[in-house]
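Dock chain F against chain B, hints included.
There are 2 protein chains.
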Amino acid sequence: MPPHLTNLAKSLPSTVPFVGPETQERNNGRSFKARLGANENGFGASPKVAAAMAAASDEMWKYGDPENYELTQALAHHLGIQPGQIAVGEGIDGLLGLAVRLFVEPGATVVTSLGGYPTFNYHVAGFGAQLHTVPYKGNYEDPDALLAAVLKMKPAMVYFANPDNPMSTCWPAEDVMRLIDGVPDDVMLILDEAYGEFAPVGTLPPIDVIRPNMLRMRTFSKAYGLAGMRCGYAIGDVEMIRAFDRVRNHFGISRMTQVAALAALKDQAHLAETVKKVERCRERLYRIAEDNRLTALPSATNFVAINCGSDGAFAMRVLQELGQRGIFVRKPMTPGLDHYIRVSCGPDAEIDLFAKALPAALDAAGKA
Amino acid sequence: MPPHLTNLAKSLPSTVPFVGPETQERNNGRSFKARLGANENGFGASPKVAAAMAAASDEMWKYGDPENYELTQALAHHLGIQPGQIAVGEGIDGLLGLAVRLFVEPGATVVTSLGGYPTFNYHVAGFGAQLHTVPYKGNYEDPDALLAAVLKMKPAMVYFANPDNPMSTCWPAEDVMRLIDGVPDDVMLILDEAYGEFAPVGTLPPIDVIRPNMLRMRTFSKAYGLAGMRCGYAIGDVEMIRAFDRVRNHFGISRMTQVAALAALKDQAHLAETVKKVERCRERLYRIAEDNRLTALPSATNFVAINCGSDGAFAMRVLQELGQRGIFVRKPMTPGLDHYIRVSCGPDAEIDLFAKALPAALDAAGKA
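These protein sequences, in sequence, are chains B and F. Just so we're aligned, residue 1 is where the first sequence starts under the UniProt record's numbering, counting upward by one. Just so we're aligned, residue 1 is where the second sequence starts under the UniProt record's numbering, counting upward by one.
This is chain B alone, in the form it adopts within the complex:
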């Protein structure tokens, strides 16, 4: 008998939360011409990041600082909070795993939205906890229904993304505060703000809203254009943040990642410019939807959810037809949300390709 997986590991599916575009490219035998499916930021990182990385490239024989000291200090200074209130991790994905591991007993319940971030759900399953899901309210995560579920289910943790992925919608800070204030003290609220920089003013609660029962997740993957460097951070109470030291992979953030994130953070002018480019691109994507007699949701993120005007199967065909034409997009899979496709903002050249391919894809998909 070979070694057996733990009972928990045995219970887990070997499916993955997301299939990467590279896998599709290998399966299709050709590259995508426009990479607009992973909520990546095709406007790219600050040129100062590339310069900083080049300057540091001869130092990669050294392990990275396991305390991520410089980056944490710079983030604290930038945000106006204490360094001890920040934990840096291998993307929000990595931090979500650590948070579940720290605060959710095997067998405990976790509340999230039905159709919410699959990688969070992956970690909940991965540490043996049970998901309780709450439907979206239209195209919005529903903070009041989440709160009602929390009060009823007494879960260990509740997840809420604002702005939301996959629907791009957001709630104003006062609604988020109602959730924050309503969640009982002993329930950990994960407030995922990955797309926060793209949201309208008034969407994010003030940064000094830090509670022992809340972890706010942010990232360099989206607005800072560094998905490929894997760097997220959790903001929370000092005691809770310190707990990450008990379980994290201390040398897990590469030295180069620390260099890149620090350089990105320092170039706030580039960030502001990116946000403007994204705003313009969202407007353009709205118009492209209109031009095809489709509707798009007003987005608080760097992607636009376009209602394909029929059911989920039709939207899937549109996605596939776009893929045939070299355009990589993704779509929600949950009934009620699955008639949308999700298109990332990016440079005009890629959006041009999408605009050109969409009418044909809709036709080929069998548009009435």
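It is worth saying that the hints were derived from the structure and are not from the lab. None of the values given here were measured: they were computed from a predicted structure. Just to be clear, a hint being listed does not mean it is correct.
One copy or any two copies: either way a pair holds, since identical chains are not told apart in the list.
As the list claims (entries may be wrong) - Under the rule of at most 20 Å between Cα atoms (straight-line distance), these lysine to aspartate or glutamate pairs were calculated in the EDC-like manner:
{"id": "1", "residue 1": "K137", "residue 2": "E290"}
{"id": "2", "residue 1": "K277", "residue 2": "D58"}
{"id": "3", "residue 1": "K152", "residue 2": "D185"}
{"id": "4", "residue 1": "K48", "residue 2": "D144"}
{"id": "5", "residue 1": "K10", "residue 2": "D237"}
{"id": "6", "residue 1": "K33", "residue 2": "E59"}
{"id": "7", "residue 1": "K48", "residue 2": "D58"}
{"id": "8", "residue 1": "K154", "residue 2": "D144"}
Leaving out everything else, chain F in the frame of chain B:
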């Protein structure tokens, strides 16, 4: 009441396996002049790595391929094994954590050497298992005693590093094979070969020795000079390697890390040159020990363990006095091994500084 840590997380110390040199530098208010303590490879990575990273730096807005496809293919080709027999991870550290998580139930027993790699022990504790330790035999991990303990304790997992860290010693492949063949089928053997490239011919079992109950761990951190990029890989049976997909952080390997590791792997001439430099540097470190009437262990790694000729407290004072003089080294802490300091190989300029500082450090430490 704020959210509570899980019972397991609560039981874990908040101490960390290793304090980084940067932390010491911040505490001391000055930088080390010679960084020779972390078994890093100061000869550095291939210049082709820096070139490849520079060429890729504008692509960091894209997530890395979650399948690490190109790197895995290249490793398989290089090693002459199947891609499905390789799992890439965030350093061996990250892979050790995943292996424990997959194959060790909470409460189960794990066998390792007393004084062996602390980060492995950190993960064993982190997933709620119990360590059973076996003493070194002199300055060697003791495969026969490990095997005896395995047969007696029936653990879920046993860890063996060859070559060894922290003592730099190694066993010939035939002794390792005795362990491999002796471990019962249902016990997972972790064979840590992080330093394998530096070892004499005949140290590593043939690469086609792949068993359902063995994971061989290798890394780009040591011989390839890329500790700062965080990339290790596990070699094992296809079914066992596939299990990592159930728990890993799929997008956890940064895109840049994949670029760097691939470029490093392709420059085998640089690797060969590095190994020669390390051999020469080991010889030089042996002579420096002799010049100070100390003895060094013959090393199969990129570091040299020097017997400070007294007890652990004395060796600690030597380490501290070296630190005072700007030289970063580390030392084993386990009684029986703790009279050694451990000095990494590196460029002549850093070794010069060590050679110059050592006599004064020994004097200041109170050498008889």
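Checked hints:
no.: 1; hint: K137 x E290; in the structure: neither (24 Å within a copy, 76 Å between copies)
no.: 2; hint: K277 x D58; in the structure: between (34 Å within a copy, 18 Å between copies)
no.: 3; hint: K152 x D185; in the structure: within (14 Å within a copy, 47 Å between copies)
no.: 4; hint: K48 x D144; in the structure: neither (43 Å within a copy, 55 Å between copies)
no.: 5; hint: K10 x D237; in the structure: between (35 Å within a copy, 17 Å between copies)
no.: 6; hint: K33 x E59; in the structure: between (35 Å within a copy, 15 Å between copies)
no.: 7; hint: K48 x D58; in the structure: both (17 Å within a copy, 11 Å between copies)
no.: 8; hint: K154 x D144; in the structure: within (15 Å within a copy, 52 Å between copies)
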